[in-house]
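Protein chains: 2
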Amino acid sequence: MQLTLTSLPNISLIKPNDNLVEVIIKSLKEAAIELRDDDVLVVAQKIVSKAEGRLVRLSAVTPSARALEIAAQTQKDARQVEVILSETKEIVRMRTNSLIVEHRLGFVCANAGVDRSNVEAPDGEEYLLMLPENPDRSCADIREKLRARVGVTVGVIINDSHGRAWRSGTVGIAIGAAGVPALLDLRGHPDLFNYTLHATQVGLADELAAAASLLMGQADEGRPIIHIRGVPYPLREGNARELIRVKEMDMFR
Amino acid sequence: MQLTLTSLPNISLIKPNDNLVEVIIKSLKEAAIELRDDDVLVVAQKIVSKAEGRLVRLSAVTPSARALEIAAQTQKDARQVEVILSETKEIVRMRTNSLIVEHRLGFVCANAGVDRSNVEAPDGEEYLLMLPENPDRSCADIREKLRARVGVTVGVIINDSHGRAWRSGTVGIAIGAAGVPALLDLRGHPDLFNYTLHATQVGLADELAAAASLLMGQADEGRPIIHIRGVPYPLREGNARELIRVKEMDMFR
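Protein sequences appear in the order of chains C and W. Counting from 1, position 161 in the first sequence corresponds to residue 161 in our numbering; the numbering is continuous, with no gaps. Counting from 1, position 219 in the second sequence corresponds to residue 219 in our numbering; the numbering is continuous, with no gaps.
Don't read these hints as lab results, they were simulated from the structure. Since the model is a prediction, treat every value here as computed from it, not as a measurement. The beta carbon of each residue, even a glycine, is placed where N, CA and C say it ideally should be. Don't take every hint at face value.
Pairwise CB distance ranges (calculated) [stated by the list, open to error]: (1) C/D141 with W/R66: 36 to 44 Å; (2) W/D37 with C/A65: 53 to 61 Å; (3) C/G222 with W/R66: 49 to 57 Å; (4) W/R253 with C/E69: 23 to 31 Å; (5) W/G151 with C/V152: 42 to 50 Å; (6) W/T4 with C/V246: 31 to 39 Å; (7) C/T62 with W/Y233: 36 to 44 Å; (8) W/T4 with C/M251: 31 to 39 Å; (9) W/L13 with C/E248: 54 to 62 Å; (10) W/E34 with C/V150: 34 to 42 Å; (11) C/V246 with W/M94: 18 to 26 Å.
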């Protein structure tokens with residue numbers, strides 16, 4: 001059984017209103033990859049956010065009193081805090097240099113995914129990049145357009161690098177998904193010796209996101225789209241909301 | 001850039017004192033894979049634990065008063081709790097059906113990794129399986145023996161499926177590693193636009209563990225060893241302890 005991940009080549013810097021589906025199709029052709037049903041494409045959050053124009057010019061932001069207060073406590077830029085708060089449902093932890101929040105989409109992550117690095121600034125201004133407005137919808141959109149353009153049905157994941165409780169280092173996780181069993185439910189399947197498995201909801205889309213992240217790298221945007229072939233589970237409808245543990249079921253908030 | 005994961009074929013059930021290195025070499029041959037320097041092998045925790053004889057016969061366990069008390073609070077088998085406690089440094093959370101602990105090796109995980117499913121019981125007795133005594137050492141041992149036997153230097157990871165804070169579903173993580181940059185430090189590298197990256201310690205061994213987990217499946221042990229080729233970073237000495245966030249630095253305990 002084999003799983004093959006290929007980074008799509010020659011993807012230039014993505015700008016607002018770029019058509020990611022055409023970028024994918026062109027790059028697949030250059031890689032001589034013929035897309036097949038049940039392939040999975042993992043797309044880096046940054047290029048989806050950029051294509052969707054989720055940029056905020058830092059100099060245009062006026063921090064609120066609350067943003068100023070939190071900025072003082074965390075020693076962050078108050079304008080950045082203002083943008084973070086605009087994407088935040090609830091602050092989970094706050095310390096110097098750390099602001100862990102529940103994003104309006106439900107993920108617990110640092111800075112609501114608002115990112116300053118790797119944001120092109122042709123006008124010399126500084127920009128912040130927010131997560132896509134609705135990453136599941138972005139994935140579904142890419143999936144539908146690929147189906148219309150190429151006639152195949154693939155899974156699509158948007159991944160991002162998140163920190164974690166208990167462990168050092170970021171790992172790729174799925175912030176959006178379409179056509180993938182994001183949470184794979186194996187509960188109730190007996191194992192080889194007929195014990196019923198107990199902990200067998202697998203975060204499949206997160207494992208795919210992590211695998212893709214291995215090839216994407218961090219410090220450049222040269223490999224923001226990864227093609228995966230050989231996922232050993234039937235694809236189905238699905239989305240990244242499946243992976244969010246609701247607060248009431250979470251012992252670690 | 002391509003990453004290829006291959007599950008090694010025809011691996012029979014592992015028993016105490018089985019020689020995993022010979023199992024790996026035989027199966028690589030059957031898969032017609034010629035091992036190369038910088039390949040990575042990911043081995044499922046269960047077969048390492050079994051080969052190392054980390055089994056406890058349930059009927060031989062006498063629960064302590066503390067185990068009985070915790071069993072009552074969590075509605076778990078008191079004998080299983082006794083074994084869990086023997087592997088535990090500190091209880092992190094405890095609720096009905098949930099016992100999250102800091103394992104003596106430093107991981108935060110459910111039930112100290114003590115597992116009842118998929119444990120062969122030829123004598124009709126029930127057994128529990130504990131994590132390897134020292135998974136980093138087990139990895140280093142496999143790595144050294146492969147180097148001696150085959151003359152190539154690979155990375156070795158032992159993975160396990162762990163639950164997480166905030167998100168549903170388990171993902172594969174590295175509980176042991178050798179010859180792999182478990183925590184990949186990209187801090188200080190400027191990105192494309194010369195911002196210095198801020199969150200760029202990558203949990204590389206965890207991403208490799210998650211990727212391998214995609215092919216291992218859960219409900220059988222037919223694919224417990226995954227061969228990975230194409231990791232786009234230079235391998236180096238390394239171990240899974242790099243990935244453990246010390247309690248004092250952890251906002252989520």
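Exercise. Is it true that C/D141 and W/R66 lie within 36 to 44 Å of each other by Cβ?
Worked result: violated (55 Å)
For this session: Indicate whether the distance between the beta carbons of W/E34 and C/V150 respects the range 34 to 42 Å.
Result: holds (36 Å)
For this session: Indicate whether the distance between the beta carbons of C/T62 and W/Y233 respects the range 36 to 44 Å.
Result: Cβ of C/T62 to Cβ of W/Y233: about 42 Å, so the range 36 to 44 Å holds.
Problem set entry | Cβ separation of W/D37 and C/A65, checked against the hinted range 53 to 61 Å | Holds - the Cβ-Cβ distance for W/D37 and C/A65, about 59 Å, lies within 53 to 61 Å.
For this session: With 42 to 50 Å as the target window, see if W/G151 and C/V152 comply at their CB atoms.
Result: Cβ of W/G151 to Cβ of C/V152: about 43 Å, so the range 42 to 50 Å holds.
Problem set entry | C/V246 versus W/M94 beta-carbon gap, inside 18 to 26 Å or not | At roughly 20 Å between Cβ atoms, W/M94 and C/V246 fall inside 18 to 26 Å, so the hint holds.
Exercise. Between C/G222 and W/R66, is the Cβ distance one that fits in 49 to 57 Å?
Worked result: For W/R66 against C/G222, whose Cβ atoms are near 55 Å apart, the range 49 to 57 Å holds.
Problem set entry | Beta-carbon spacing of W/T4 to C/M251 - inside the hinted bounds 31 to 39 Å or not | holds (38 Å)
For this session: With 31 to 39 Å as the target window, see if W/T4 and C/V246 comply at their CB atoms.
Result: Given a distance of about 37 Å, which is inside 31 to 39 Å, the answer is holds.
For this session: Could you check the hint for me, namely that W/L13 and C/E248 are 54 to 62 Å apart, CB to CB?
Result: For W/L13 and C/E248 the Cβ distance comes to about 41 Å; the hint is violated.
For this session: Take a look at whether the Cβ-Cβ distance between W/R253 and C/E69 falls inside 23 to 31 Å.
Result: holds (27 Å)
Against the hints set out earlier in the document, violations occur for numbers 1 and 9.
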